[in-house]
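**Q** One-letter residues, chain by chain:
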Amino acid sequence: MSSYLIEAIAILALANIITRAFPFIIFAKAKPNRWIDYIEKSFPLVILIILIFYTLINVDFSASPFAHKEIIGILTAITLHLLKNNYLLSIFGSTFVYMALVQMF
Amino acid sequence: MKEFHKKEFKVALKDSIAVFMGYMVLGFSFGLIAVSSGFSPITPIAMSIFIYAGALQFLAISLLKAKAGFLELFIAGISVNIRQIFYGLSLLKRFKKSKGLKSYLIFALTDETYALLTSKDIDTKFNQKWYLFYISLLHHIYWISGTALGAILGAKINFNSKGIEFALTALFVVLAIEQFKKSRDFMLIIIASISAIIALLISKDNMLVIAIAISLVLIILRKGFKDE
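Going down the list, the protein sequences come from chains S and H.
Sequence positions in the first sequence follow this note's numbering and run 4 to 108.
Sequence positions in the second sequence follow this note's numbering and run 166 to 393.
Simulated from the structure, these hints should not be mistaken for laboratory data.
None of these values were measured; they are calculated from a predicted model.
Glycine included, each C-beta is placed from N, C-alpha and C at the ideal position.
Honestly, I wouldn't trust all of these hints.
[Said to hold, decoys possible] Restricting the straight-line Cα-Cα distance to at most 16 Å, the calculated cross-link-like pairs of lysine to aspartate or glutamate (EDC-like) are:
id : chain 1 : residue 1 : chain 2 : residue 2
1  : H       : Lys391    : H       : Asp350
2  : H       : Lys232    : S       : Glu10
3  : H       : Lys285    : H       : Asp180
4  : H       : Lys388    : S       : Glu43
5  : H       : Lys388    : H       : Glu330
6  : H       : Lys391    : S       : Asp40
7  : H       : Lys261    : S       : Asp40
[To be verified] Pairwise CB distance ranges (calculated):
id : chain 1 : residue 1 : chain 2 : residue 2 : range
8  : H       : Gly234    : S       : Lys34     : 34 to 44 Å
9  : H       : Ala220    : S       : Leu85     : 22 to 32 Å
10 : S       : Ala66     : H       : Ile362    : 14 to 24 Å
11 : H       : Gly234    : S       : Arg37     : 41 to 51 Å
12 : H       : Ile355    : S       : Leu85     : 18 to 28 Å
13 : H       : Lys321    : S       : Lys32     : 45 to 55 Å
14 : S       : Asn88     : H       : Leu365    : 27 to 37 Å
15 : S       : Phe64     : H       : Ile359    : 40 to 50 Å
16 : S       : Lys34     : H       : Ile354    : 28 to 38 Å
[What the hints assert, rightly or not] Which residues of chain S face chain H? A partial, calculated answer using Cβ under 10 Å:
id : residue
17 : Met4
18 : Leu8
19 : Ala16
20 : Pro35
21 : Leu59
22 : Pro68
23 : Phe95
24 : Ser97
25 : Val100
26 : Tyr101
The whole structure should be built from the sequences, with the hints applied where relevant.
**A** Right, dumping it as structure tokens:
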């Protein structure tokens, strides 16, 4: 690796650590606060839903009108998970269904 | 090894399998793309060890290829990862008692690790800090292994992997279900979906940051109304 690459990777690593450590440094001494408490409790579900949309950001709508393949994949994951409550089965199963849909049609 | 906590490790191994496939697949694609962009395998592997942030690493390939300046790299790094500032908020208490391991837990707090740690209720009989550490470490190992495999073998494997990236979507769906079971707060799903759709309409490139900002405003407004 060239020295440019080593330095560039170090800078990116630093930027990453700064964003991850920020709340722990800023709120290290904060007293329990109902607002922080509220965000702490409701934010995980909100970010997960946003991340689901984010993973689908590059869906090609001409190949999949109204994202029907993605919706079928997601419904498969939800159904499997509610029925069997097994992480691996839900993830493998719905990915398999989705791959079959995009490769065959 | 004196400090090895077998019970915590076993459960962490089981729980981390949810992320295993997602990280192997994504890491593999990352390694493959990096090598086909002209980097030697050691570069993507070093990135996965030291940067350990999926979206940023994918972006970094094109930045490094263009020999971007250090300031530009730093700004790109901060802006791609700015969402993570909010992640720590949900884990302040959980990480409080993790002396010694806390720095690593914070460094390794990716989207998926955050999602898993906030979705799982931890058995109180457990030594929390070691459980958290093993989950984080295993995820990191999966990410590095996926990258290495993709960088070294990627070009040689002939396999139609089209659509395999859906594993990550499925992972988030499953974790969202687990999270929903805790609060049964359907309104949060609506708020998040509206925020994501508005953000997508405003700017695809900055979707995450915009969506998070809108959703934060909405959940704070809602809390304000509820309290009155």
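**Q** Next pair to validate is Lys391 of chain H with Asp350 of chain H; report whether the Cα-Cα distance is within 16 Å.
**A** Holds: Lys391 of chain H and Asp350 of chain H sit about 14 Å apart, inside 16 Å.
**Q** Hinted pair, alpha-carbon criterion (16 Å max): Lys232 of chain H, Glu10 of chain S. Please report holds or violated.
**A** holds, 11 Å
**Q** Can the restraint linking Lys388 of chain H and Glu330 of chain H be considered satisfied, given a maximum Cα separation of 16 Å?
**A** With a Cα-Cα distance of about 36 Å, the restraint between Lys388 of chain H and Glu330 of chain H is violated, given a limit of 16 Å.
**Q** Closer than 10 Å between Cβ atoms is the bar; does Val100 of chain S clear it against chain H? Give me holds or violated.
**A** At about 9 Å, which falls below the 10 Å cut-off, the nearest Cβ of chain H leaves the hint on Val100 of chain S intact, so it holds.
**Q** Taking 10 Å as the limit, does the beta-carbon of Pro35 of chain S come near enough to a beta-carbon in chain H?
**A** With a minimum Cβ separation of about 9 Å from chain H (threshold 10 Å), the hint on Pro35 of chain S holds.
**Q** Does the alpha-carbon distance linking Lys261 of chain H and Asp40 of chain S stay inside the 16 Å limit?
**A** holds, 15 Å
**Q** Taking the Cβ atom of Ala66 of chain S and the Cβ atom of Ile362 of chain H, is their distance within the range 14 to 24 Å?
**A** holds, 20 Å
**Q** Holds or violated: 27 to 37 Å for the Cβ distance of Asn88 of chain S and Leu365 of chain H?
**A** holds, 31 Å
**Q** Is 41 to 51 Å right for how far apart the beta carbons of Gly234 of chain H and Arg37 of chain S are?
**A** This hint holds: roughly 44 Å between Cβ atoms.
**Q** Next item in the hint list is Ser97 of chain S. Is there a CB on chain H closer than 10 Å to its CB?
**A** holds, 5 Å
**Q** Does the Cβ-Cβ separation between Phe64 of chain S and Ile359 of chain H fall within 40 to 50 Å?
**A** Violated - the Cβ-Cβ distance for Phe64 of chain S and Ile359 of chain H, about 20 Å, lies outside 40 to 50 Å.
**Q** If you take the shortest Cβ to Cβ gap from Leu8 of chain S to chain H, is it below 10 Å?
**A** holds, 6 Å
Hints 5, 15 and 22, counting from the list given before, are not met by this structure.
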